[in-house]
Amino acid sequence: DGGITQSPKYLFRKEGQNVTLSCEQNLNHDAMYWYRQDPGQGLRLIYYSQIVNDFQKGDIAEGYSVSREKKESFPLTVTSAQKNPTAFYLCASSTQSGANVLTFGAGSRLTVL
Amino acid sequence: ILNVEQSPQSLHVQEGDSTNFTCSFPSSNFYALHWYRWETAKSPEALFVMTLNGDEKKKGRISATLNTKEGYSYLYIKGSQPEDSATYLCAFPNFGNEKLTFGTGTRLTIIP
Numbered sequence: 001d002g003g004i005t006q007s008p009k010y011l012f013r014k015e016g017q018n019v020t021l022s023c024e025q026n027l028n029h030d031a032m033y034w035y036r037q038d039p040g041q042g043l044r045l046i047y048y049s050q051i052v053n054d055f056q057k058g059d060i061a062e063g064y065s066v067s068r069e070k071k072e073s074f075p076l077t078v079t080s081a082q083k084n085p086t087a088f089y090l091c092a093s094s095t096q097s098g099a100n101v102l103t104f105g106a107g108s109r110l111t112v113l
Numbered sequence: 001i002l003n004v005e006q007s008p009q010s011l012h013v014q015e016g017d018s019t020n021f022t023c024s025f026p027s028s029n030f031y032a033l034h035w036y037r038w039e040t041a042k043s044p045e046a047l048f049v050m051t052l053n054g055d056e057k058k059k060g061r062i063s064a065t066l067n068t069k070e071g072y073s074y075l076y077i078k079g080s081q082p083e084d085s086a087t088y089l090c091a092f093p094n095f096g097n098e099k100l101t102f103g104t105g106t107r108l109t110i111i112p
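If you read the protein sequences in the order shown, they are chains A and B. Heads up, the first sequence is in the numbering used here, so the first residue is 1 and it goes up one at a time. Heads up, the second sequence is in the numbering used here, so the first residue is 1 and it goes up one at a time.
Just so you know, these hints were derived from the structure itself, not from any lab. Among the hints, a few may not be true.
[Stated by the list, open to error] In silico DSS-like pairs for lysine-lysine, Cα to Cα no more than 30 Å straight-line: (1) B:K42 with B:K69; (2) A:K57 with A:K83; (3) B:K58 with A:K83; (4) B:K42 with A:K14; (5) A:K9 with B:K42; (6) B:K58 with B:K78; (7) A:K71 with B:K58; (8) B:K69 with B:K59; (9) A:K14 with A:K57; (10) A:K70 with B:K42; (11) B:K42 with A:K57; (12) B:K69 with B:K58; (13) A:K9 with A:K57; (14) B:K59 with B:K42; (15) B:K42 with B:K57.
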């Protein structure tokens with residue numbers, strides 16, 4: 001079945017550590033996105049990539065980094081510079097044409113201890 | 001950052017009753033308006049993408065309308081069922097349609 005796989009589902013990290021969240025899609029979508037969700041807030045865009053080897057900052061990119069070396073993969077690194085990393089992270093992809101409807105993964109919940 | 005607002009923030013509805021909620025968005029440079037449903041422990045799923053002023057779309061008991069001139073969309077649920085319990089998100093693309101800005105969502109709980 002085609003879809004988006006995020007891993008791990010739950011992750012605990014100590015302060016000062018970097019952590020990488022995985023996002024893989026087999027939908028042959030060109031565009032991929034990372035969103036963050038906090039209680040009482042909408043989904044906020046961290047980074048997005050419309051094509052391999054290219055990506056752009058979203059609205060809250062500080063303290064995060066990404067790479068897009070392969071069309072299928074868009075990993076997100078939460079660095080120690082991110083002040084409030086505890087959150088739920090959603091990866092999404094789209095065809096980047098027409099309506100640009102997003103397909104989402106199941107999410108990763110990061111807790112900083 | 002685009003301003004996309006949803007109201008109410010949460011809603012409790014008796015099973016069998018109908019309900020509706022609102023998404024407000026910038027009326028200038030309109031391209032499209034998306035609605036997504038996010039059930040607990042699942043991924044958000046697209047419900048509708050609306051592009052034309054006056055458009056009305058329907059999926060089963062759920063329908064949506066669009067007013068691009070005044071910048072709002074309504075989502076209606078007729079005869080609510082427990083499986084309708086979810087957070088409903090609307091999203092608005094930027095002018096280049098490269099990315100979506102989401103509203104904070106309306107959390108709907110259906111009371112059996």
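Verification of the hints:
1. B:K42 with B:K69: Since the Cα atoms of K42 of chain B and K69 of chain B sit roughly 34 Å apart, the hinted pair is violated (cutoff 30 Å).
2. A:K57 with A:K83: holds (17 Å)
3. B:K58 with A:K83: Given pair K58 of chain B, K83 of chain A is violated - Cα atoms ~42 Å apart, limit 30 Å.
4. B:K42 with A:K14: holds (27 Å)
5. A:K9 with B:K42: Distance ~12 Å between K9 of chain A and K42 of chain B Cα, so the pair holds.
6. B:K58 with B:K78: holds (11 Å)
7. A:K71 with B:K58: Violated - the C-alpha atoms of K58 of chain B and K71 of chain A are around 34 Å apart, more than 30 Å.
8. B:K69 with B:K59: holds (24 Å)
9. A:K14 with A:K57: Holds: K14 of chain A and K57 of chain A sit about 25 Å apart, inside 30 Å.
10. A:K70 with B:K42: holds (26 Å)
11. B:K42 with A:K57: holds (26 Å)
12. B:K69 with B:K58: With Cα atoms ~21 Å apart, K69 of chain B and K58 of chain B stay inside 30 Å; holds.
13. A:K9 with A:K57: holds (24 Å)
14. B:K59 with B:K42: Measuring from Cα to Cα gives roughly 19 Å; hence the hint holds.
15. B:K42 with B:K57: Roughly 24 Å between the alpha carbons, so the hint for K42 of chain B and K57 of chain B holds.
In terms of the numbered hints stated before, the structure departs from hints 1, 3 and 7, listed from lowest to highest.
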